[in-house]
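Chain order of the listed sequences is Y and E.
Numbering that gives the first Met the number 0 numbers the first residue of the first sequence as 0 and each following residue consecutively.
Numbering that gives the first Met the number 0 numbers the first residue of the second sequence as 0 and each following residue consecutively.
From the structure, some residues in chain E lie toward chain Y, with a derived Cβ separation under 8 Å: (1) V120; (2) R139; (3) M143; (4) L154; (5) W317.
Hints listed in this document are in silico derivations from the structure and should not be mistaken for laboratory results.
C-beta: ideal position from N, C-alpha, C; glycine also.
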Amino acid sequence: MVKAAASEPITVTVSPTYVGVELAEYIGSLPPALRGTEVARLAYAGYRAERASSRRRKSAVPVAGPVVVERIGRKIAWVE
Amino acid sequence: MTAGHAAVVAVDVGSLSVKGMAASKGAAQRCIFPTRLAMGRRSVIGESDVHYASVNGDAVRVGDRPAMDGFVAAEIARALSEKEALAALIVGAFSRLGLSACDVLVLHASAPSMVLSPSTVREVLSSATRADNRSVEVGRIGIMASTDALAADLLVDMRGEPAVKAAPPDGTISIVDAGARQWRYSRFELSGSGEETNGAVETEFWVERRAIEMIEQSFTTPVQGVAETMASGISTSGSVERDAAHIIDAARLAAWSEFGAGFAAQALSDKARRVYVGGGNARAFSAGMASYKHIDCRVAKQCETSIVRGLFKSGKRWGRAGL
Numbered sequence: 000m001v002k003a004a005a006s007e008p009i010t011v012t013v014s015p016t017y018v019g020v021e022l023a024e025y026i027g028s029l030p031p032a033l034r035g036t037e038v039a040r041l042a043y044a045g046y047r048a049e050r051a052s053s054r055r056r057k058s059a060v061p062v063a064g065p066v067v068v069e070r071i072g073r074k075i076a077w078v079e
Numbered sequence: 000m001t002a003g004h005a006a007v008v009a010v011d012v013g014s015l016s017v018k019g020m021a022a023s024k025g026a027a028q029r030c031i032f033p034t035r036l037a038m039g040r041r042s043v044i045g046e047s048d049v050h051y052a053s054v055n056g057d058a059v060r061v062g063d064r065p066a067m068d069g070f071v072a073a074e075i076a077r078a079l080s081e082k083e084a085l086a087a088l089i090v091g092a093f094s095r096l097g098l099s100a101c102d103v104l105v106l107h108a109s110a111p112s113m114v115l116s117p118s119t120v121r122e123v124l125s126s127a128t129r130a131d132n133r134s135v136e137v138g139r140i141g142i143m144a145s146t147d148a149l150a151a152d153l154l155v156d157m158r159g160e161p162a163v164k165a166a167p168p169d170g171t172i173s174i175v176d177a178g179a180r181q182w183r184y185s186r187f188e189l190s191g192s193g194e195e196t197n198g199a200v201e202t203e204f205w206v207e208r209r210a211i212e213m214i215e216q217s218f219t220t221p222v223q224g225v226a227e228t229m230a231s232g233i234s235t236s237g238s239v240e241r242d243a244a245h246i247i248d249a250a251r252l253a254a255w256s257e258f259g260a261g262f263a264a265q266a267l268s269d270k271a272r273r274v275y276v277g278g279g280n281a282r283a284f285s286a287g288m289a290s291y292k293h294i295d296c297r298v299a300k301q302c303e304t305s306i307v308r309g310l311f312k313s314g315k316r317w318g319r320a321g322l
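Next up, chain Y with everything else stripped away, as it sits in the complex (with noise of 0.2 Å):
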C-alpha cells in the first residue's frame, strides 16, 4: 500500500469561476474534513466515464438474422 507521506498534496480552488456554480455550492455544502476526498473522487469517476469504452459496455443482444427471417416470410407464396 502506498503510504500517505510518500504522496504529494495539491492544492484544488473551489470557486464558482473555477468549477462552476453547482459544483461549487454542492462541495461548499460538505463537512471541511469530507470536501477534499469528494473532489477527488468526482474526479476519478469522470475520468472513468471519459475512458468507458463501447466494448467494455454490455451491448443488447442482436436477433438472430433478423433480415433472414423477413426474407423467408417474403417468399412464402399467398393466395387470398
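Take the given structure of chain Y and dock chain E to it, following the hints.
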C-alpha cells in the same frame, strides 16, 4: 370461433407420411399418418380410427393400415388423379385434427407428382371434401419450400416472434432437409447480405428401401407398412412385433457413405460452420456429421415433424398480415 375452426393450420404432405398441426385456443394439436389412400369403406366394427375423405361422392380411406407387403413408395389408389390425391390427404389431415375450417393454411408438398402452385391450390383443395360432403373452408393459403420451413422452425418461436436465443446472430448456417425422396439444403448468410444458396440430391427412398430389404433378410418375413416401420422402428408381421431400430440405424449409416458425405460437403462448402437438420432421415445426416468436429450440427427436436412445425410458426408470424 365455433368448434372445428382453427386460426392456423399447417400440413406437410411428405413422401412417406403426412404431418398436420393446428392451434385454435391454447395448446397445439398435431397428427401424423402415412401417405396412403385407398378407395372404399372398411367393413370393420369399431373402425373409429379410420378417417375418410370424399372424392366425387366416393369414400377414400386416408392413412389407413397398409394393404401391401414389402417396400412400397406410396400406396395411392390409382383411381385418384394427382390433384384428388393431394386434396384427399389435406382433407384427411383436417379430419384427424377434428377441424372443418381455418383462417390460415400453410402447405408444403414434397412428392413430385403433387405440385402445389398458387394458381391451382384452390382448385386442388376443392376436388375433395370431408366425409360428410362438406368442403374444408380455408381463408388464406400459404405455400412454402421445406428448407424455408426448417429455417422458420429455427429462427421463429412458437408465438411467431423471432427467436433470440435459438440461432446464432451471425455467420453462415446450412439448413438441411433430409427427407425420403430428396435431401435438400439452403445456405443462409445470417448477417449482412442474407445471401442464399440452394441445392438438392435425389435419394429416391434409398434409406427406406435399404432398411426394408435388410429387415426382410434378417427376419425372413415381409414388412407391412414402410412409414410405420420407419417411424416406430418396430416391424410388425401378423401379430408378431420385432424391434428393427438397429437395422434402420445401419441403413442410415450406409446412406452416409453412399451419398451423405458428398451432400454434406456441398451443403457446407467451406463457409458454414453450423448446420440445422430436419426431416425424417435427419439422424442419418447427424450420425455422419459426428466426425466433423469443427461443425456445430443441430438436429431439430422431433425431427420428423420439424417441417410442419416450421410451416405452423410461419403461419403464426406472417399468416395474419393480410387479414
